[in-house]
Amino acid sequence: MNRLQVALRQVALLVVALVVGGLFIVLAGYNPFAVYGELLAGAGFNLVLAIIPGNPAGISTNIAAGNLFATINVWGPLILLGLSAALPFRAGLFNVGSQGQYWFGAILGVQLGITIGSNGGLLAAFLGAIVGGAVCGAIAGALKALRGANEVVTTIMINWLVVYTGHFLYGYAGPFANPVTQQPVSVPFPEGMRLPELLKSGITLHAGILVALVAVAVFGVLMSRTGFGFSVRTLGSNRHAAHYAGMPTKRLTVLVMGIGGAFAGLAGFVEITGTTGQITGSNIVGSSSFAFAGIAVALLGRNSAVGVLLAALLFAALQSGSRFLSGSFPPELASSLSGVLQAVIVFLIGANSLFSYLGGLNGIAARLPIRKTQGAVE
Amino acid sequence: MFSALPTVPLLSLTGITKRFGNLVANSDVSLDVRPGEIHALLGENGAGKSTLMNIAAGYARADEGRIEVRGVPQEFRLPADAIAAGIGMVHQHFHLVDRLTVAENIVLNDEPGSAVLIDYKAANGEVRDLSERMGLPVDPKALVADISVAMQQRVEILKTLYRKADVLLLDEPTAVLAPAEVRDLLTVIRSLADSGVGIVLITHKLDEATLVADRLSVLRSGEIVARFDRGDASPAELAQEMVGREIHTVVARPHAVGATVLSVTDLEVDDSRGVPALRGVSFEVGESEIVGIAGVDGNGQAELVGVLAGLVTPNSGRATVAGEPLAFEHPRSIARQGVAHVPADRRKYGLVADFTLADNFALRGYYTAPFSKRGFLQRGVIDSLCAENMAHYGVKARGVDALAKELSGGNQQKLILAREMFTSPRLLLASQPTRGLDVGSIETVHGRLLKHRDEGCGILLVSFELDEILALSTRVVVLFEGRVVLDRPRSEVSREILGAAMTGAVAA
Ligand SMILES: Nc1ncnc2c1ncn2[C@@H]1O[C@H](COP(=O)(O)OP(=O)(O)OP(=O)(O)O)[C@@H](O)[C@H]1O
Ligand SMILES: [Mg+2]
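First to last, the protein sequences are chains E and Z.
Counting from 1, one number per residue, gives the positions in the first sequence under the numbering used here.
Counting from 379, one number per residue, gives the positions in the second sequence under the numbering used here.
Just so you know, these hints were derived from the structure itself, not from any lab.
Note that the structure is predicted; figures quoted are calculated from it, not measured.
Treat the hints with care, as some may be off.
Claimed, not checked - With a Cα cut of at most 20 Å, we get these calculated SDA-like pairs of lysine to any residue:
id, chain 1, residue 1, chain 2, residue 2
1, E, 250, Z, 519
2, Z, 751, E, 221
3, Z, 751, E, 228
4, Z, 783, E, 250
5, Z, 783, E, 221
6, E, 250, Z, 689
7, Z, 583, Z, 539
8, Z, 783, Z, 801
9, Z, 751, E, 224
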């Protein structure tokens, strides 16, 4: 298959997912077109309509821009979570540990930043998040390389370890919980140290998206233009050939999981220092969908840089658009719609591999019990 | 007994055309097989033999043409349809499940017992009966991963017979076999044919084809260019038809041997099951010397090459390259010491099937000049070097951006050779370097190996083809049960002496 065909197939997958999502909306008793329309508007995508001379749709540019900023603020972390799954996928490794890597990165970064204070605190948080995420990923990579431990199992184990440690650290009377307010949250990340603001229209667009765009560019260049990317792709396609060719397969395994973890850690950094401003104990526990979102982004984006960008934008729009849904669709249902769509996409991609395994449409037709009698005239 | 041949062929292909993009792999090809006959299908690498058989066995669909079984038109959408029509194929590269037993592989998808529970006892029994009846003895309970290639091939054949195939399509079955195994296989094929089965046999070994086939068809660039009946063509004439020119077997002119390149001392290695495979092996290879390792498969050749290439860990012993200790277990350091390796299993180690030819060409050297600069791949350089070296070895492909899996088997092998020789190594480990190549390509590759030898490269040549060993080697070493039982200059050995040594009748 050439690139165009692959891209078309991904788009087809997306369309099917949206149709299935539409059926859910119908089942809930609402009009899918209206809901999708409002989702798009809620995500701020209606801003393009405002550009039409005379603004016939009567869009409020201020509100639309604010909605778009909110979407972009979600887009950044989703890109980074997508990368944290995509890079290991390229090496044939399955990173289910984005959640743990995200929080360990965030915790290390935030505590380091707060400790260092206004002079270089943000940079320290940035580096701390990279290191924290990388360590979590690399541990799973090392266990795989040295002991052959399955990375799916170890990354999930590390997730639980981090999540409950985090819950304890920021829980009631936890060591890192805010000693002043006695609330189960961290000390607020000082205002002056937050990620810089880029634009503001009711909602602030922060620099997180720039971090993510740089990360995606680094990933793209790394994979397609460097020797490192070449060896990662070889490892993912034929590990025997990688070994034969003298590639350092064990070191690569650790490195790939480490870099994947660093991406997830960066997602935590962007979210905390850009959007939420503090770590909340209960958020840590309630974040099990992070790894799933990253995997869905990577799968839909076929682990490519551009693919991850687009897939992350889609999920960001769903997530942020549904926050602003109202009237025609209750918000409780709206928030689960994005989950439904993610699940359908992951399911379809799994089914798609099964589909090619069965030999495509022809193959499936041939397997059905209805058979032409032998030699029948066509 | 063939006087009463029925006129209706078991399988007939008519006007088959198959295109891959612009490339026409089969062009209006017609071929049939009658009961009781062996029909040899010959042709250069990339001529379209495998493609034609894949179509006949339901693995691929023709763009044009008809398939008939016993005169009834067929439309195969799946291999299962072809199997149901009695057509079984054994591929150039086997399709077995390593972690299942022989019996499980054979009955897979067609198991005795109820729909849910497999009756393993019955399966083992049935497989044992079948294998004995067909003269293809196997151990039903052995794991496929643990048995030799020759055994795996038996399993593939039994798999088709278990499904009651009466047409057998065999794609280069003898390429992976040692001479004695080839003789056994040809006997079995003959007796299968005598029992009424129709057989299509693809092979590059023309003497084999003239010996065993009732009819022969020659494909060139996707078209049938000649057909012969038994006895109507000599191997030389067939070769001429295949490649469109005369073939000369390469004869090695002697060349003075230089300083020692590889020295192996008391090497001991276990195989993957922990059984001793090499028990104290010592020998040397000099500059401009070709040392041929002869011996029946499974006597330690694979482990020897594996250790020297850094893929297998030795128990004890030493090896030096140009006086330096060989960097055991480190394939890249070994490559840096000037050692190249053409692996016997090209699909597992030699190539990345989903990579382009250019990427496969860069597989070894991607991290360093001229393929990379400061960690960045030099795409332009890689593409032009790949194209240039593919031309030296006559690799036929639509371009450097074709995928390796699109290449015919022989062309894949030539690509590996081109890559490994590119670095001008001081030592080449060549395991079955001409396996699967057509006669013309063998001539090219032998010529190339001798040229590198003349330029100073030492070559360790592992081959089950005695002809190849005898044609190229400066010295010949025979391995038997993990020991060197013979190590002599080429001038002091004959086919008979080697044959005796290979069976363990030590010639000393
Ligand atoms: N899936 C594919 N996509 C593109 N080209 C293909 C594909 N399969 C085969 N080809 C091309 O079709 C031609 C015929 O290939 P085929 O494998 O049939 O050759 P062959 O006669 O079996 O050669 P060999 O003796 O080397 O095995 C080759 O040029 C090959 O590159
Ligand atoms: Mg072939």
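Inset, instruction - Take the C-alpha atoms of residue 250 of chain E and residue 689 of chain Z, compute the straight-line distance between them, and say whether it is at most 20 Å. - result: Judged against 20 Å, a Cα distance of about 14 Å means the pair holds.
Legend entry - Pair hint outcome, residue 751 of chain Z versus residue 221 of chain E [Cα-Cα no greater than 20 Å]: holds, 14 Å
Inset, instruction - Take the C-alpha atoms of residue 751 of chain Z and residue 224 of chain E, compute the straight-line distance between them, and say whether it is at most 20 Å. - result: Holds, at roughly 14 Å.
Inset, instruction - Sort out whether residue 539 of chain Z lies within 20 Å of residue 583 of chain Z, counting only the CA atoms. - result: violated, 25 Å
Inset, instruction - Mind checking the alpha carbons of residue 783 of chain Z and residue 250 of chain E for me, to see if they're no more than 20 Å apart? - result: Not satisfied, since the Cα-Cα distance of roughly 27 Å exceeds 20 Å.
Inset, instruction - Quickly compare the C-alpha distance for residue 783 of chain Z and residue 221 of chain E to 20 Å and report which way the hint goes. - result: violated, 26 Å
Inset, instruction - Verify the proposed pairing of residue 783 of chain Z with residue 801 of chain Z, using a straight-line Cα cut of 20 Å. - result: violated, 24 Å
Inset, instruction - Please work out if residue 250 of chain E and residue 519 of chain Z have their alpha carbons no farther apart than 20 Å. - result: violated, 34 Å
Inset, instruction - Would you mind confirming whether the straight-line C-alpha gap from residue 751 of chain Z to residue 228 of chain E stays at or under 20 Å? - result: holds, 12 Å
When the structure is compared with the earlier hints, violations turn up for hints 1, 4, 5, 7, 8 and for no others.
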